[in-house]
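Enquirer: Okay, here's what each chain looks like letter by letter:
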Amino acid sequence: MRSSRHWGGASTGQKLAAAAGLAFLHLPVLVIVLYAFTTEDRTYQFPPPGLTLHWFEVAFARNDIWQAMRLSLVVASVATLVAILLGTLAAFAMARRPFRGKETITLLFVLPIALPGIITGLAMLAGIRAVGFEPGFWTIVAGHATFCLVIVYNNVVARLRRIPPSWVEASMDLGADGWQTFRHVLLPQIASALLAGGMLAFALSFDEIIVTLFTAGHQQTLPIWFYSELFRPRERPITNVVAVMVMFVTLVPILLAYYLTRPDEQSGNG
Amino acid sequence: MLLRSASSFLHGRNAFYVSLLLLPPLLWLGTVYLGSLFVLLSQSFYAIDEFTARVVPELTLKTYRQLVSQPANVDIVVRTVLMAVAVTIACGIIAFPVANYMARYAGPKLKAFFYVGVMLPMWTSYLVKVYAWRLILAKQGIVAWGFESTGTSAFLDRALATPVVGGPSLASSYIGMFIVFVYMWLPFMILPLAASLERVPASLLQASADLGARPGQTFRNVVLPLALPGLAAGSVFTFSLTLGDYIIPSVVGAPGYFIGMMVYQQQGTAGNLPLAAAFSVVPIILIALYLTLARRLGAFDAL
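Chains D and G, in that order, are what the protein sequence lines are. Here the working numbering is used: the first residue of the first sequence is 1, the next is one more, and so on. Here the working numbering is used: the first residue of the second sequence is 1, the next is one more, and so on.
Hints may be right or wrong, so weigh each one.
Selected chain D positions facing chain G (in silico; Cβ < 8 Å) [what the hints assert, rightly or not]:
1. H26
2. T146
3. A203
Quick caveat, the hints were computed from the structure, so don't treat them as lab data. Cβ coordinates follow ideal geometry from the N, Cα and C atoms, glycine included.
Same shape as in the complex, but just chain G (with noise of 0.2 Å):
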């Protein structure tokens, strides 16, 4: 009786009855997330002392100092961009085929199946999917075997060979990181890209057909601008995900450390938490800088 005469109440005082409504999740969000992470930001301006190694809370711009002026920190920071960037890139050549085909050939039966078929690698468990990874990448694993029993092990091996990017095995090179890091962020961009193709009109493709455009012509001209939005909106998704992940270059890959890593370490073993918390900043600025020239760019102008 008091919920129905309060509800009533409510309804007819909309600034009353929304703010109402939004008090507990607001209050849950300003505290448990906004709160911590104002702690975090304001600890990347504390100072550490040098020789007990605990943190004082004052404030100091060394920490971003060191972050900026030390080598391995900016070799750190650019080797995860690089990732991020040539991931955002192979997932948005390897989605597209898969989206345009969804959104635009396959028939109402086979588009569910598609997107069936999508979405359940993409909701699999994150973990059970990178052991996956290190199995099939192992030395005696099926990508080595695949090789092997096609008879074309001196490509893998070529590969491998390459300076950088290559390793002992796939399980721990670059190359084994980046197919990693694409393979678990693809649907992530097809999902976005398929949703975008979907409302690009058939009428159009016709129109442009018709008035002579070769199908590369249609497709560089017409479909692809048309396409950008879920580009972008997949490509905020890959290039974010890279940036922060720590779990797939500690399980697969190569020596050199990623600014995940970087902040998982130092918040842990190495017990510097200005450091770990500048570190964690980066991620921040690089995506709210991907955000604005992607917005310049006139990526979202049609969402």
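For reference, chain D alone in the conformation it holds in the complex (with noise of 0.2 Å):
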């Protein structure tokens, strides 16, 4: 019974349609395993005629690639910490009653990712070279927070909405100052939105191109290291292996970042 009403009602044509869908969007990401294993080091020839961790070795003991990646974690560290600030500040402001303005300011809060990255990348570069910065660590940091930003902010915002008022009137009331109300009434329940975010923060810092290319200046993030192996393809193996390691990096905090907002955790906290 419970079966059949999860599989009745959809036809197998619906059902194959759904599945498909959901393999499609797969593929890629089995294909970069596959590839990151392969003894071919010239095409991209399939299926690899054989498989090895040889490249996995040969990565590892690549200097320039430590530097992208220890470079690429800083900035998505920094950036972060500071999208959880500005994101967090925001959020608090947002999500209490209507005031004048108030739409304007949440168009301007979605912008940086509703507008093409190009053109947040491109109005930076001309920002920067406006205000004579040079392009560099702190200019990255700038432009990744600036997007990174948003995404805390809308995490929190969502969670700050789902808390009834009548919480923080009955914590006030039975005395706690609002330091106290903050502390022990709201944030226990917005930690995991925080950490949420800022885990997919982190990992669209880590992983961001688009806006870092025109904001880097000579620094290499791996990312960019990545994007430029792109077109000059000398040393496939080592690209398959690095995309592998890229891949790794960036899912962990998503994965996170799911449990931590997954919708029967919330509604077990209402």
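Dock chain to chain to rebuild the complex, using the hints, since each chain is given by itself in its own frame.
Expert: Structure, rendered in structure tokens:
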């Protein structure tokens, strides 16, 4: 009965179309993992003639990869911190009752991800040049923090809106001051949303290429290293290995973020 | 202690509290983001010295005139818009069965599986996915292998021989680029669509069937209108992301330029910042037009 309820209703065609759509989304991911182990080092031959772990060894010994990886990790950490700070402040302000100009400010908070990245990138470069800065580490961080703060803001504001205002009132009526209310009532409620927003922001920053190509100057983040390899395909096997590494680094925070915000956990709170 | 009294003090004063909270993020977005956008916009009105190729801060509409009067530039805009429209339509068609199944038929376990299954590839490294498609679409890649091992290479060859959209291999044709675009933005269509389909009450579908509507009629007259807000939200993503992308057309694709590539090239090697700025204004205008159109059609009424 149970299974017939789950599968019943949908025709075989519908099930097949849904499964095919899902499979399509996963095809490239599987391909990348497979190619990291191929023994063929010049073409994209499929199926691979043999499998080897050799390229991991070669890639791990490469200094330029580690340097780019380190820069990307540091940039993502700093950008995420800035984004958490600014995004949370914004969320606390916007989750409250309406005020004049709220619509305009909401628009401003979605603009950095609503407009194509190339516009953000070119605009930031124009801005950096206009004030006479040299593009480098801090300009990368500034660019990333701008769209990361939107991610944090969205996550936290969605959670804050689900907290009944009566909880805050009850806390204050029971004699808690503003800080205690924040610390003991609001913070535990938003903690997982905050963490999830931070994780997503980190993953987004670690992987960002479109804006970074404009703001990086001579710095080489891991995506920039990867991007330049795409046009100088001398070392395909190493590129394949780095692809798997990048995928792994972004996958962990994203899975964590999902488990922190999945619907049943939220309904458990409410 | 200071923090405590400050926060208690602030709680009672809503307007003051809100503006104090908003000050840092607004200051950031106002200077770093809006300030930069303003510089970019103003540069699109700047002149460029024809001899030194230097940007001169002298207001002119010459760059925009150049943008709309040169056939090559108009071609780039038309090509990008056509691709964005095609990708949006294809994403809608492929996303519908997935979203519909997720929202209406899958049990809780299966639904969670589908959500993770859509979100993971969506958040997987953008560049890695583009790279993976280059492997898949390459001359000796999986797609070619699939056609060959099933003895259907003639189909692939015929598709690649199509004028304009074909090319020497899938990895260097508009067909290949189209596939990659659809793949990349598909999750952005599935998720809002599934969210809007979940809000369609099952009783409405039953009522429609009870009143004698065939499944096709129920779909057209009940499900589709109610799913419109989700389709609209998803299409804004697919449309806007395709308009602005410059990596995919340069990694997988045919020789023709796209708006994003033109922006990137004009600010970089070509060194024509005003033209790059003017080109980057095109997607902003197109997205604004698209949003207005979607609103006119009532796509956001239910949101």
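Enquirer: Run the structure past the numbered hints and jot down the numbers of the failing ones, going up.
Expert: none
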